[in-house]
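K.L.:
Sequence:
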Amino acid sequence: MRFNDIRSYKDEHGIIRRVVVTSKVKGETVSKAELIHGNRYRVEPLNPQKLKHRGRAGILVGFVNDDLYNPYQAKIKFEDSGRVGRVDITDLIQA
Numbered sequence: 001m002r003f004n005d006i007r008s009y010k011d012e013h014g015i016i017r018r019v020v021v022t023s024k025v026k027g028e029t030v031s032k033a034e035l036i037h038g039n040r041y042r043v044e045p046l047n048p049q050k051l052k053h054r055g056r057a058g059i060l061v062g063f064v065n066d067d068l069y070n071p072y073q074a075k076i077k078f079e080d081s082g083r084v085g086r087v088d089i090t091d092l093i094q095a
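Quick note on numbering: the sequence shown equals residues 1 to 95 in our numbering.
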């Protein structure tokens with residue numbers, strides 16, 4: 001079973017600027033990704049049936065938070081269309 005540990009870091013204004021996602025399988029760390037506001041990322045979900053936005057690249061422009069102010073989605077400005085879309089933060093890799 002895959003488990004994702006998501007840690008967010010805020011700036012002096014309380015805005016989330018950096019998120020660290022650590023994926024673990026059976027207690028062992030499989031991958032670790034650091035998502036930083038303004039960097040370029042590509043959408044590559046692990047689930048092969050998840051096709052929306054697969055292979056698209058763009059700039060990270062923000063995060064979407066749940067009720068407890070924990071980030072669960074990222075806002076990406078895609079290079080091919082210039083539009084902003086939402087993707088799961090676990091689906092992003094460094095481009």
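Everything labelled a hint here was simulated from the structure, so no lab data went into it.
Computed from a predicted model, the values in this text were never measured in an experiment.
Where is the CB? At the ideal position from N, CA and C, for every residue including glycine.
Heads up, some of the hints might be wrong.
[What the hints assert, rightly or not] Straight-line alpha carbon distances no greater than 25 angstroms define the calculated DSS-like cross-link-like pairs of lysine-lysine that follow:
(1) K32 / K50
(2) K10 / K50
(3) K52 / K26
(4) K32 / K52
[What the hints assert, rightly or not] Pairwise CB distance ranges (calculated):
(5) R7 / V84: 35 to 43 angstroms
(6) I59 / E28: 31 to 39 angstroms
(7) P48 / G14: 35 to 43 angstroms
(8) E12 / P48: 40 to 48 angstroms
(9) H13 / Q49: 35 to 43 angstroms
K.L.:
Taking each numbered hint in turn, which are not upheld by the structure, reported in ascending numerical order?
P.N.:
Hint check: 2, 3 and 5 fail, others pass.
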